[in-house]
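Q: Here are the chains, one letter per residue:
2 protein chains.
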Amino acid sequence: MKLNILGCHSATPRTNTNPTSQVLEIKNHMFLIDCGEGTQVQLRRNKIKFSRIKHIFISHLHGDHYFGLIGLVNTFSLLSRETELHIYGPKGLKEVIMLQMKLSKGWTKYPLIFHELTSKHSELIFEDDKVEVHTIPLNHRIYTNGFLFIEKPNDRKLDINAVVEANIDKAYYNKLKQGFDVKNEDGILIDHKKVTWEANPVKSYAFCSDTVYDESIIPLIKNVTVLYHESTFLEKNEALCKETKHSTAKHAATIAKKAEVDTLILGHFSTRYNGYKGFKTEAKAVFNNVLLAKDGISFEF
Amino acid sequence: MKLNILGCHSATPRTNTNPTSQVLEIKNHMFLIDCGEGTQVQLRRNKIKFSRIKHIFISHLHGDHYFGLIGLVNTFSLLSRETELHIYGPKGLKEVIMLQMKLSKGWTKYPLIFHELTSKHSELIFEDDKVEVHTIPLNHRIYTNGFLFIEKPNDRKLDINAVVEANIDKAYYNKLKQGFDVKNEDGILIDHKKVTWEANPVKSYAFCSDTVYDESIIPLIKNVTVLYHESTFLEKNEALCKETKHSTAKHAATIAKKAEVDTLILGHFSTRYNGYKGFKTEAKAVFNNVLLAKDGISFEF
Numbered sequence: 001m002k003l004n005i006l007g008c009h010s011a012t013p014r015t016n017t018n019p020t021s022q023v024l025e026i027k028n029h030m031f032l033i034d035c036g037e038g039t040q041v042q043l044r045r046n047k048i049k050f051s052r053i054k055h056i057f058i059s060h061l062h063g064d065h066y067f068g069l070i071g072l073v074n075t076f077s078l079l080s081r082e083t084e085l086h087i088y089g090p091k092g093l094k095e096v097i098m099l100q101m102k103l104s105k106g107w108t109k110y111p112l113i114f115h116e117l118t119s120k121h122s123e124l125i126f127e128d129d130k131v132e133v134h135t136i137p138l139n140h141r142i143y144t145n146g147f148l149f150i151e152k153p154n155d156r157k158l159d160i161n162a163v164v165e166a167n168i169d170k171a172y173y174n175k176l177k178q179g180f181d182v183k184n185e186d187g188i189l190i191d192h193k194k195v196t197w198e199a200n201p202v203k204s205y206a207f208c209s210d211t212v213y214d215e216s217i218i219p220l221i222k223n224v225t226v227l228y229h230e231s232t233f234l235e236k237n238e239a240l241c242k243e244t245k246h247s248t249a250k251h252a253a254t255i256a257k258k259a260e261v262d263t264l265i266l267g268h269f270s271t272r273y274n275g276y277k278g279f280k281t282e283a284k285a286v287f288n289n290v291l292l293a294k295d296g297i298s299f300e301f
Numbered sequence: 001m002k003l004n005i006l007g008c009h010s011a012t013p014r015t016n017t018n019p020t021s022q023v024l025e026i027k028n029h030m031f032l033i034d035c036g037e038g039t040q041v042q043l044r045r046n047k048i049k050f051s052r053i054k055h056i057f058i059s060h061l062h063g064d065h066y067f068g069l070i071g072l073v074n075t076f077s078l079l080s081r082e083t084e085l086h087i088y089g090p091k092g093l094k095e096v097i098m099l100q101m102k103l104s105k106g107w108t109k110y111p112l113i114f115h116e117l118t119s120k121h122s123e124l125i126f127e128d129d130k131v132e133v134h135t136i137p138l139n140h141r142i143y144t145n146g147f148l149f150i151e152k153p154n155d156r157k158l159d160i161n162a163v164v165e166a167n168i169d170k171a172y173y174n175k176l177k178q179g180f181d182v183k184n185e186d187g188i189l190i191d192h193k194k195v196t197w198e199a200n201p202v203k204s205y206a207f208c209s210d211t212v213y214d215e216s217i218i219p220l221i222k223n224v225t226v227l228y229h230e231s232t233f234l235e236k237n238e239a240l241c242k243e244t245k246h247s248t249a250k251h252a253a254t255i256a257k258k259a260e261v262d263t264l265i266l267g268h269f270s271t272r273y274n275g276y277k278g279f280k281t282e283a284k285a286v287f288n289n290v291l292l293a294k295d296g297i298s299f300e301f
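Residue numbers (the numbering used here), protein chains in the order written: chain A, 1 to 301; chain B, 1 to 301.
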């Protein structure tokens, strides 16, 4: 699982800071999460292959999370894309994109499929045989969802010497990997645990931006491998959180601790600060395993 | 008169090329012309004071000419702008901007005034005591206007020794500067040309992008100081002009020659080419005074 941070700053794009956008590589998928202005240039700068993106998840309709989407949709057309593009985001997003395409008289040549979100409860919005994606309802000034990406349980790993030794027909190998006991050629039931190793643990990623401190998300993100939680402000500006419905680094760390996640990544930094060390310091006072997002860097888990 | 090129490339923003946007400084105005994605970052990069922009002119509703507008409008709000912002552009632009503001629940705190254009004939769209702005109807795939910026005639310059010598009351100085003959203290009519110098010549700038080769614009841009004319293609790709309704460098130069302009600036280059010298060579074969636009440079006239 690899997370590429294209932008992790709030409000406005600037010379050296980009608004929210990231690409999660998980089980051969390349999921684009949020798409602030300039995302397509950030994709180029970070040498991420545009064409591999088939699913885009938009958290909410504040500009710093989606103003780059129309440009990307348009560029896909100019690049003669033919494969489907699925866009998941709040109701209204389709209207914005379609209106601009209508005015330009330039429809996409590829299938563009909108999945508009309106539910205030977590829902499963994408699923295949490898991954599930669920919404995480967040508490912000307008309708907002975070997204939870979970790998499906991996198969157990075959101990090839053991299965041969146990005289099991190859036709049963998949059953064993899936955790079933099977009979061998001699009619004896073989415990799958004796001829397979534990599956690789499943990984999961929860993206939570933008939101005020809200413990109601904790059951949804319990024990995730990686939590990205916004931390727009430092504690000295905590008063701004209530009005703007954002969080501090301490808030993010408290959620991470209570949800018992492995790793917390902080992002969505207000551009009012010079440097971001303060965010790490304040979060680490509550929760130890803290990373800072930075435009253009990647994390592997 | 100063022209700042923020972006002069067609189609998509890339790591080192920006879509169309430029700032014309003329008679203390700062006019923003087109606003492709990333324009606000280009404004910052080129150290242009955002707050001085009060008028934005959008040629047409292809993304590479306006996808950065919503972000700029939004950023003006975040920067607590209070002064009026006037936006001139094709019908539909207001709907796009207003829809996105409605969805974000974030109205501007400053007056945002749209001037939607629908006429197929040149019209005067802005005028004060210093400058006029007229549309230049262009011939592109969708409804498109270029813009003609013309200084109003300057006053003649007073020859202070001559007016004192001629015994003219100060009350008549403005009349003289405006080109009227006046009577002096002795009742003698004084020829204004004898006591004033020629006014500075008026300057004018014509922005013509995007358009196929079309001689119908020539009367509108006759004798302008500077013509910016798109040259998306080189001659070897001229066949593409008909389909895409764009021009070659030679087309642009032919228009410049026939309109007898002082200086031609080429821009809106297709990103298919490596380097832009070919554009200059091809244009100079027809018209001598050719400049190439380049992102981040300025021209003074």
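Please keep in mind that the hints were generated in silico from the structure rather than gathered at the bench.
Among the hints, erroneous ones may be present.
[Unchecked claim] Okay, derived cross-link-like pairs now, EDC-like style, lysine to aspartate or glutamate, Cα gap no bigger than 16 Å in a straight line: (1) A:102 with B:95; (2) B:203 with B:243; (3) A:245 with A:198; (4) B:94 with A:95; (5) A:94 with B:243; (6) B:102 with A:243; (7) A:170 with A:181; (8) A:105 with B:235; (9) B:105 with A:243; (10) B:194 with B:181; (11) B:280 with B:235.
Just so we're clear, the structure is a prediction, and the values are computed from it rather than from any experiment.
Q: Indicate, hint by hint, whether the structure satisfies it.
A: Structure-based check of each hint:
1. A:102 with B:95: holds (12 Å)
2. B:203 with B:243: Judged against 16 Å, a Cα distance of about 35 Å means the pair is violated.
3. A:245 with A:198: With Cα atoms ~43 Å apart, residue 245 (chain A) and residue 198 (chain A) exceed 16 Å; violated.
4. B:94 with A:95: Between residue 94 (chain B) and residue 95 (chain A) the Cα gap is close to 14 Å, so the pair holds against 16 Å.
5. A:94 with B:243: violated (29 Å)
6. B:102 with A:243: violated (19 Å)
7. A:170 with A:181: holds (14 Å)
8. A:105 with B:235: violated (27 Å)
9. B:105 with A:243: holds (14 Å)
10. B:194 with B:181: It holds: about 10 Å lies between the C-alpha atoms, which stays within 16 Å.
11. B:280 with B:235: It holds: about 12 Å lies between the C-alpha atoms, which stays within 16 Å.
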